[in-house]
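Residue numbers (our numbering), protein chains in the order written: chain A, 1 to 101; chain B, 1 to 148; chain C, 1 to 128.
Just so you know, the hints here were simulated from the structure itself, not pulled from any lab data.
You may find that some hints are simply not true.
As the list claims (entries may be wrong) - Here are the computed lysine-lysine pairs in the BS3-like style, where the Cα-Cα straight-line distance is at most 27 Å:
(1) C:LYS114 - B:LYS135
(2) B:LYS18 - B:LYS135
(3) B:LYS135 - C:LYS127
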Amino acid sequence: MNIDPIVGIPPAAAGALSAQAGEAQGETFSKFGTWFGQQIAEVNGQLQRADANLQQLALGDANNLHQVMINLEEAKLSFQLLMQVRNRALEAYQEIMRMQV
Amino acid sequence: MDYSQAFEISASGMTVEKLRIDLTAVNIANMHTTAGADGTLFRPLRVVSRPGAQNFAGLFEDGSESSVYKLRGAQVFAVQEMTTAPRMVYEPGNPSADATGFVALPGVDHVSEMVNLIAALRAYEANVVAMNAAKNMAVKALEIGGNQ
Amino acid sequence: MIQEIDTATMGVLRLALDAASLRHRVIAHNIANANTEGFAPLRVNFEDQFDAVRSAIGQGQPIERGLLDGLRPTILQDAPLDGGATAKVALDMEVARLAQNTVHYQALLRGATKHLSILGIAVTEGKR
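With the sequences and hints as input, model every part of the structure.
As structure tokens, then:
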């Protein structure tokens, strides 16, 4: 899944935005991109761990049944949250792209 | 798996208690038997059980908390003959009577055997309750996250 | 087509579910023959074959699909405990094994359901 980082609006094109607010928003946008990339890696790790746990359960090596179930459920919820954040970000991007110049 | 360990532990307890009940039944059945053809009198039997561990020596070497997972419930250590004195009953007409008319019967204490029987039965039931509780816990753990 | 983006988890789960249902049939067979003379109880041996898979999981590597081919649960006769001629069926032990196997089967099914629902989230993009 390739997510383009949301490009900060250059202060020159901001118009009504003050220069300070424009710079602050430029920083925030790049931080969001970095943060989102980190979150994707973290959710991926969670999903892989839940997968390995499930395989251990199938082989009879699991130490803890409830821990396996909890990891699985947490991974699923994290993934759902990630999907929703991704959907909202995409919607926002598309809305911005739809703006008449 | 932790729940399979719980099943194994309860199963080992049930095995020990079942043997105890069997030996109590043997003792009670032989309460009035006289000496056999070889002259030996029946001696009451009892079970000696001890905590079972997969590797008893390893429990002390490995001091980490995973050592508690090596416990395996109970196991039968030995089946011993008790050295109680035989009961002497005065029955002069009995073919097994000795010169003074006394017959030697096994030293099986009826009352304590009944107490052992009841105690072993309750322990067996308690092990079954523990196993059912472990099974219910595992089934409940599967409900984490709801029916999705 | 879902196998293209899935790991080998479903394959391992499928094998384990097969073993669990075979185990159920074997235990029911033992219970039905509890009073048959000369009947030795049977067991299902499965988990021992998994050493290659186990080491792959332990090292954090994804499991190759070829590792799972050819793994089949085997049915063995029980060895007698006290060195007698044949082992006997202990009915309470068989019922206990049945309960444990049932819980294990349910756990595997729940795990498989959750795993597939996670894939479903990816496929439907989080929309119902």
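Going down the list of hints, with the structure as the test:
{"no.": "1", "hint": "C:LYS114 - B:LYS135", "result": "holds, 21 Å"}
{"no.": "2", "hint": "B:LYS18 - B:LYS135", "result": "holds, 21 Å"}
{"no.": "3", "hint": "B:LYS135 - C:LYS127", "result": "violated, 36 Å"}
Of the numbered hints given earlier, the model fails hint 3 alone.
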